[in-house]
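Engineer: The lines below spell out each chain.
Protein chains: 2
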Amino acid sequence: MRKPSAAPSDRTRLRRSHERGRYDRASLHAVLDATPLCHVGYLMDGKPAVTPTLHWREGDYVYWHGSSASRALRAAEGLDVCLTVTLLDGLVLARSAFHHSVNYRSAMLFGRASIVVDPDEKAEKLKNFVEAIVPDRWDSLRPMTAQEVKATTILSIPIDEASAKVREGGPIDDEDDYALPIWAGTVPFETVAGDPIPDPRNLAGVSVPDYLTGPRLERR
Amino acid sequence: MRKPSAAPSDRTRLRRSHERGRYDRASLHAVLDATPLCHVGYLMDGKPAVTPTLHWREGDYVYWHGSSASRALRAAEGLDVCLTVTLLDGLVLARSAFHHSVNYRSAMLFGRASIVVDPDEKAEKLKNFVEAIVPDRWDSLRPMTAQEVKATTILSIPIDEASAKVREGGPIDDEDDYALPIWAGTVPFETVAGDPIPDPRNLAGVSVPDYLTGPRLERR
Chain A
43 MRKPSAAPSD
53 RTRLRRSHER
63 GRYDRASLHA
73 VLDATPLCHV
83 GYLMDGKPAV
93 TPTLHWREGD
103 YVYWHGSSAS
113 RALRAAEGLD
123 VCLTVTLLDG
133 LVLARSAFHH
143 SVNYRSAMLF
153 GRASIVVDPD
163 EKAEKLKNFV
173 EAIVPDRWDS
183 LRPMTAQEVK
193 ATTILSIPID
203 EASAKVREGG
213 PIDDEDDYAL
223 PIWAGTVPFE
233 TVAGDPIPDP
243 RNLAGVSVPD
253 YLTGPRLERR
Chain B
43 MRKPSAAPSD
53 RTRLRRSHER
63 GRYDRASLHA
73 VLDATPLCHV
83 GYLMDGKPAV
93 TPTLHWREGD
103 YVYWHGSSAS
113 RALRAAEGLD
123 VCLTVTLLDG
133 LVLARSAFHH
143 SVNYRSAMLF
153 GRASIVVDPD
163 EKAEKLKNFV
173 EAIVPDRWDS
183 LRPMTAQEVK
193 ATTILSIPID
203 EASAKVREGG
213 PIDDEDDYAL
223 PIWAGTVPFE
233 TVAGDPIPDP
243 RNLAGVSVPD
253 YLTGPRLERR
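Protein chains in written order, with my numbering: chain A, 43 to 262; chain B, 43 to 262.
These are calculated hints, taken from the structure and not from any lab test. There could be a bad hint or two in this list.
Taking CB as the label site, the calculated pair distances span [what the hints assert, rightly or not]:
1. A:Ile239 to B:Asp216: 19 to 29 Å
2. B:Glu232 to A:Ser51: 32 to 42 Å
3. A:Asp216 to B:Gly211: 42 to 52 Å
From the three backbone atoms N, C-alpha and C, an ideal C-beta is built for every residue, glycine too.
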């Protein structure tokens with residue numbers, strides 16, 4: 043178990059709207075677990091690049107993966123990255139343009155990307171990844187081959203130098219503007235999982251598994 | 043009007059799954075216009091940082107804004123950035139873990155961030171921003187003040203060194219695996235705008251404007 047979240051570092055301490063900042067593990071975990079989509083920033087030939095990818099969390103580490111031939115992964119391995127997760131929860135419509143905003147949850151992690159080397163550990167991580175995205179699916183799949191594990195690179199960073207930022211609630215207007223007859227409020231956004239669409243080549247009699255018909259997959 | 047999209051540069055040319063790459067303006071515009079959320083990568087003290095923010099497009103330029111005191115904006119101004127927009131459209135569940143995937147649309151733009159200096163141009167851009175997010179709202183708002191314009195910084199990059207990447211459709215499995223009795227298919231994700239939630243301090247008789255009750259705001 044890593045140390046509990048320390049005081050923010052110089053680069054994780056929020057300056058703008060610092061009252062929205064959260065540095066505790068529970069808040070960070072909640073954002074990281076709310077969507078599988080993250081954006082990883084790294085240097086490519088000395089310049090910033092941002093690649094979208096899927097992440098998963100195990101304890102106090104966040105993982106992402108890709109082809110072992112991936113330029114984005116090779117450019118990140120062993121080097122400083124910034125991994126950011128954001129959920130856009132809605133529009134906040136104020137009485138002035140200036141006070142318009144959005145509701146959101148975000149987490150920003152800084153760290154040096156470590157590669158998972160051991161094939162058995164890689165295989166375990168990949169199982170955890172699939173189970174994180176689609177719980178209970180793993181055991182039904184054609185087993186992974188050693189070649190597939192080899193062809194996959196897994197990187198991770200600790201949830202250590204990290205901050206979350208959350209905005210929720212309605213607009214905050216200038217006091218004088220509340221007297222104006224302008225509609226203000228919020229428009230919430232929600233991401234929902236639709237009905238599963240079967241592959242046309244599914245064998246006859248293979249029906250949608252229970253784990254896809256239960257609670258919504260997307261946890262947003 | 044800028045030159046039409048050229049051949050991809052070394053860093054925008056897709057290596058992985060290059061058949062998903064699109065370099066034409068229409069494809070890039072479609073992704074950029076599909077959500078207001080982007081992630082901007084820049085260097086902070088020589089290390090990569092990724093900040094989520096809202097963007098809007100005007101012709102062949104993409105804009106984003108923030109407080110003039112924003113560290114993220116000051117760190118980007120005049121320097122190389124990477125602006126990435128991603129929509130996660132669904133899960134692609136294959137018969138092997140290895141061929142699991144997601145459907146998505148993404149756009150990645152590289153460029154040097156320019157600041158909008160002229161106050162009148164800034165004011166016009168901010169109007170365009172609000173209108174891009176909530177069409178027809180601008181005219182109902184308390185007018186922007188010169189101080190509010192001054193307190194806002196706007197950056198832009200051209201849609202020039204850029205690529206889009208799109209995955210759609212069902213799983214692609216190893217040929218042998220199609221004989222297995224495993225459910226395969228996709229689970230589509232959709233982001234929807236909920237009913238507007240009025241601010242408790244709205245004046246009596248101020249009802250939800252038509253532009254919030256018509257077609258869905260979220261264009262995803």
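Engineer: Hints numbered earlier in the text: which of these fail when held up against the supplied structure?
Structural biologist: none
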